[in-house]
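Engineer: Residue strings, one per chain:
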Amino acid sequence: MSTNSVNYGTIFKNGIFGENPVFRLALSLCPAVAVTSGVKNGFLMGVAVLFVMTMVNGTVSLLRNFINPKVRIPSYMFIIATWVTVTDQVMAATQRSVYKEMGLYIVLIVAFAIVLSRAEMFASKNKLLPSLVDGFAMGLGFLLALVVLGIFREFLGKGSLWGNQILPGKPVLIMIMPAGGFFAMGLVMGWLNWIDRKFFGGTGASSGGH
Amino acid sequence: MEATPKEQPKAAPELIVSIGPHVRTEESTARIMWTVSAALLPATLMGVYYFGMPAIMVILICIATSMAAEAGMQMLLKKPVTLSDGSAFLTGLLLAMNLPANAPWYIPFIGSIVAIMIAKHLFGGLGYNIFNPALIGRAFVLISFAKIMTTFVAPATSFMAVDAKTMATPLVLLKEEGMAKLLEVFHTKAALYQDLFIGNRAGSLGETSVIALLVGAAFLIFKRYITWHIPIPFIATVGVLAWMFGGKEGLMTGDPVFHMMSGGLILGAFFMATDYVTGPSVRSAQIVFGVCAGALTILIRLKGGYPEGVMFAILLMNCFSPLLDRGMRSKVFGKAEAKGVKK
Numbered sequence: 000m001s002t003n004s005v006n007y008g009t010i011f012k013n014g015i016f017g018e019n020p021v022f023r024l025a026l027s028l029c030p031a032v033a034v035t036s037g038v039k040n041g042f043l044m045g046v047a048v049l050f051v052m053t054m055v056n057g058t059v060s061l062l063r064n065f066i067n068p069k070v071r072i073p074s075y076m077f078i079i080a081t082w083v084t085v086t087d088q089v090m091a092a093t094q095r096s097v098y099k100e101m102g103l104y105i106v107l108i109v110a111f112a113i114v115l116s117r118a119e120m121f122a123s124k125n126k127l128l129p130s131l132v133d134g135f136a137m138g139l140g141f142l143l144a145l146v147v148l149g150i151f152r153e154f155l156g157k158g159s160l161w162g163n164q165i166l167p168g169k170p171v172l173i174m175i176m177p178a179g180g181f182f183a184m185g186l187v188m189g190w191l192n193w194i195d196r197k198f199f200g201g202t203g204a205s206s207g208g209h
Numbered sequence: 000m001e002a003t004p005k006e007q008p009k010a011a012p013e014l015i016v017s018i019g020p021h022v023r024t025e026e027s028t029a030r031i032m033w034t035v036s037a038a039l040l041p042a043t044l045m046g047v048y049y050f051g052m053p054a055i056m057v058i059l060i061c062i063a064t065s066m067a068a069e070a071g072m073q074m075l076l077k078k079p080v081t082l083s084d085g086s087a088f089l090t091g092l093l094l095a096m097n098l099p100a101n102a103p104w105y106i107p108f109i110g111s112i113v114a115i116m117i118a119k120h121l122f123g124g125l126g127y128n129i130f131n132p133a134l135i136g137r138a139f140v141l142i143s144f145a146k147i148m149t150t151f152v153a154p155a156t157s158f159m160a161v162d163a164k165t166m167a168t169p170l171v172l173l174k175e176e177g178m179a180k181l182l183e184v185f186h187t188k189a190a191l192y193q194d195l196f197i198g199n200r201a202g203s204l205g206e207t208s209v210i211a212l213l214v215g216a217a218f219l220i221f222k223r224y225i226t227w228h229i230p231i232p233f234i235a236t237v238g239v240l241a242w243m244f245g246g247k248e249g250l251m252t253g254d255p256v257f258h259m260m261s262g263g264l265i266l267g268a269f270f271m272a273t274d275y276v277t278g279p280s281v282r283s284a285q286i287v288f289g290v291c292a293g294a295l296t297i298l299i300r301l302k303g304g305y306p307e308g309v310m311f312a313i314l315l316m317n318c319f320s321p322l323l324d325r326g327m328r329s330k331v332f333g334k335a336e337a338k339g340v341k342k
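Respectively, the protein sequence lines represent chains A and B.
Counting in numbering that gives the first Met the number 0, the first sequence runs from 0 upward without gaps.
Counting in numbering that gives the first Met the number 0, the second sequence runs from 0 upward without gaps.
Hints were generated in silico from the structure; no laboratory data involved.
The reader is advised that the hints may include incorrect statements.
Said to hold, decoys possible - Straight-line Cα separation of at most 30 Å, DSS-like style, residue types lysine-lysine; simulated pairs: (1) K164(B) x K78(B); (2) K164(B) x K169(A); (3) K78(B) x K197(A); (4) K169(A) x K174(B); (5) K78(B) x K169(A).
Unchecked claim - Stretch by stretch, here's where chain B covers chain A in the computed footprint (C-beta under 8 Å, at least three residues): (6) 12-23; (7) 171-177.
Beta carbons: idealized from backbone N, C-alpha and C, even for Gly.
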């Protein structure tokens, strides 16, 4: 990433498609499976991550000249933990019912590989605005991935969308179970790889994380 | 059982799946697949005899969907279409034998699609799949449609009987109501054993008749397509552990014969666990595989949420096949070893 000329369109495209955290970088898969049994949970989790990533990237970018490189990782963790705590408190105050279900995962955002990796790879080398945009774009990519998985799984597993019953009964119950999460993730990831290879000549997703 | 030995000329008396060096044989994948399918014929016929028209429908849908899915997937992946090797036919047949005869059409349909497309081809096709495709197909529909998949009908007395009577399988009766209720339904212990042996009980359509399955298995063992190393330790472990822990009155009061003949154990042990691709191929590893699968089966039957555990036991052990093979690999002959260095 060069620091002088920044193309915001590229950053957005990168966050949503090219380096989509879930489907392309295969990072933060465990929360992606855990919270996407419904669209609503997936969406709120995505919003939380979007907020945390934007704020963390912004903060790290502002402080990038004051952080000693030798202690940068602990410093980033402090910043991430701060913003996650803020998100956690806001969620607990405003979204009572959802928070009961997924409060645990909100706190776990601290350990998301994608948050730390963007702080390290982008925000620590770029100015404030590009960093904010990058955090937002990456968060948006994560949010979209969770919503896609949520739609897929809730519709097939519960026959509903956003809690509204559409089909009678529960068509394919396995889809809202953890196994179904991996099925959905694998199929969507494979499909995106196929599109990338077929139309853009890419090489597909590679690395794995947690 | 699905295999990938190489098609090669020259004659040799028997088929042995083992770590190299290999001897060439005239066996081919197609011949093995069709022979195993033929060995399943007696049990299939017994299923059709006891469960009538619905059983035929389930079998036909399974086989047709499996073969269509195989051809479709191979065309999509631009691979040669190999319907004639019989592997899709066999997967479909095995899946059908693991389904209740009264399942509505979409159960065999979805099960076959999952088995062939996801469990087989997305893992690389024949020879590369980690898990037994037919069992993955069954696990998928069992978890998704638990109610339908656990509602079994009693064997019908006449072929065209329309009104099927629902009936719990012997394992469900044992789990939920105990041995006393089981004896009440089947009258005496001797009658219970006899019905289990012949297949006159509720259950998946191909798993009920022990005698028909044993005939097919004996044929395969005689042809040396399978060996005793997986099935016998598997069944023996189930028997021993059932005898030790299966009884209500304490240790050593269980009923080993009942546990060995009920559920899908005979079908699973002889026809599913012996799959060349998903099971280990080193002899000692096969014995460990069988013993562990038996222990898992009894664990699930006695302590788990499901009344039957053969399917999950085999799938779980499938994960360990490569590890078992690697850990118990047969000794390499003719390899130079440094002096004084112990292996």
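Engineer: All hints are to be evaluated individually against the structure, with a verdict given for each.
Structural biologist: A quick look at each hint next to the structure:
no.: 1; hint: K164(B) x K78(B); result: 46 Å, violated
no.: 2; hint: K164(B) x K169(A); result: 25 Å, holds
no.: 3; hint: K78(B) x K197(A); result: 17 Å, holds
no.: 4; hint: K169(A) x K174(B); result: 27 Å, holds
no.: 5; hint: K78(B) x K169(A); result: 36 Å, violated
no.: 6; hint: 12-23; result: violated (count 0)
no.: 7; hint: 171-177; result: holds (count 5)
Checked against the numbered hints listed earlier, the structure breaks hints 1, 5 and 6; every other hint is satisfied.
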